[in-house]
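Residue-level listing of the chains:
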Amino acid sequence: DSGVTQTPKHLITATGQRVTLRCSPRSGDLSVYWYQQSLDQGLQFLIQYYNGEERAKGNILERFSAQQFPDLHSELNLSSLELGVSALYFCASSFSTVTEAFFGQGTRLTVV
Amino acid sequence: TQLLEQSPQFLSIQEGENLTVYCNSSSVFSSLQWYRQEPGEGPVLLVTVVTGGEVKKLKRLTFQFGDARKDSSLHITAAQPGDTGLYLCAGAYADSWGKLQFGAGTQVVVTP
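Residue numbers (the working numbering), protein chains in the order written: chain A, 73 to 184; chain B, 824 to 935.
There could be a bad hint or two in this list.
Using C-beta positions, here's what the derived DEER-type ranges look like [said to hold, decoys possible]:
| no. | chain 1 | residue 1 | chain 2 | residue 2 | range |
| --- | --- | --- | --- | --- | --- |
| 1 | A | T171 | B | S850 | 17 to 27 Å |
| 2 | B | P862 | A | E147 | 17 to 27 Å |
| 3 | A | G75 | B | Y916 | 20 to 30 Å |
| 4 | B | T900 | A | K129 | 25 to 35 Å |
| 5 | B | L868 | A | R94 | 32 to 42 Å |
| 6 | B | H898 | A | Q139 | 36 to 46 Å |
| 7 | A | G130 | B | Q832 | 33 to 43 Å |
| 8 | A | G130 | B | P862 | 21 to 31 Å |
| 9 | A | V184 | B | H898 | 35 to 45 Å |
| 10 | B | N847 | A | S99 | 16 to 26 Å |
| 11 | B | T885 | A | I84 | 21 to 31 Å |
Think of the hints as simulated: they come from the structure by calculation, not from any bench. Glycine included, each C-beta is placed from N, C-alpha and C at the ideal position.
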């Protein structure tokens, strides 16, 4: 158990809908990272937050947004869902930006 | 396009045999991390290598970072069925060790 908690574990939704994925980092970790893992693209970095502020952006669609709250949990919001965004979404956390990150167990999103 | 190329993509061996997985890049990374991922789970960090030429050993696993910090290898001695999994290498940049560039992974299957 990495100490990073992601909910829900599975999510099935229809095209055009909006969903929210939640991540609770390890106790004491200030930085949160979101990743997408699909069969054709592998693990891709989406976005990073550090102590409530956005630090870095990767290959994140404009229809996706994220935030980190004062209690340091983070949410990834995906809207106008298309079939192509079905994937595993992972959250990782680290104490600082120059320490290793530890991954949660992921949320499997299926868009039908 | 993967900046980190892993080879081979798939490896199937018998218990007791040795194996090596390679990770090559045209970019220089400040550190390189190896993860193992099992189906439905998040990646689990195995090791971080930072210094060019560095060799780290973790029981039967030996990790090496190339002198130019562009390539790495993972060698498993006397593989066991418990070593089965997807092995991922990931490069990190100086400003963020959690913002990772992942390779596509090597699926290792060890049969009894």
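Hints versus structure:
1. The beta-carbon spacing between T171 of chain A and S850 of chain B, approximately 21 Å, falls within the hinted interval of 17 to 27 Å.
2. A hinted range of 17 to 27 Å holds for the C-beta pair P862 of chain B and E147 of chain A, which are about 26 Å apart.
3. Distance hint for G75 of chain A and Y916 of chain B: a CB-CB separation of about 24 Å, consistent with the stated range 20 to 30 Å.
4. Checked against the hint of 25 to 35 Å, the C-beta distance between T900 of chain B and K129 of chain A comes to roughly 41 Å, which is inconsistent with it.
5. Evaluation of the 32 to 42 Å hint for L868 of chain B and R94 of chain A yields a failure: the beta carbon distance comes to about 22 Å.
6. The given range of 36 to 46 Å is respected by H898 of chain B and Q139 of chain A, whose C-beta atoms sit roughly 42 Å from each other.
7. Between G130 of chain A and Q832 of chain B the Cβ separation comes to about 23 Å, which falls outside the hinted range of 33 to 43 Å.
8. Restraint check, G130 of chain A to P862 of chain B: a C-beta distance of roughly 24 Å satisfies the suggested window 21 to 31 Å.
9. For the pair V184 of chain A and H898 of chain B, the supplied restraint of 35 to 45 Å holds, since their beta-carbon distance comes to about 43 Å.
10. Between N847 of chain B and S99 of chain A the beta carbons are some 37 Å apart, a value that contradicts the proposed interval 16 to 26 Å.
11. For the hinted restraint 21 to 31 Å between T885 of chain B and I84 of chain A, the CB-CB distance of approximately 42 Å leaves it violated.
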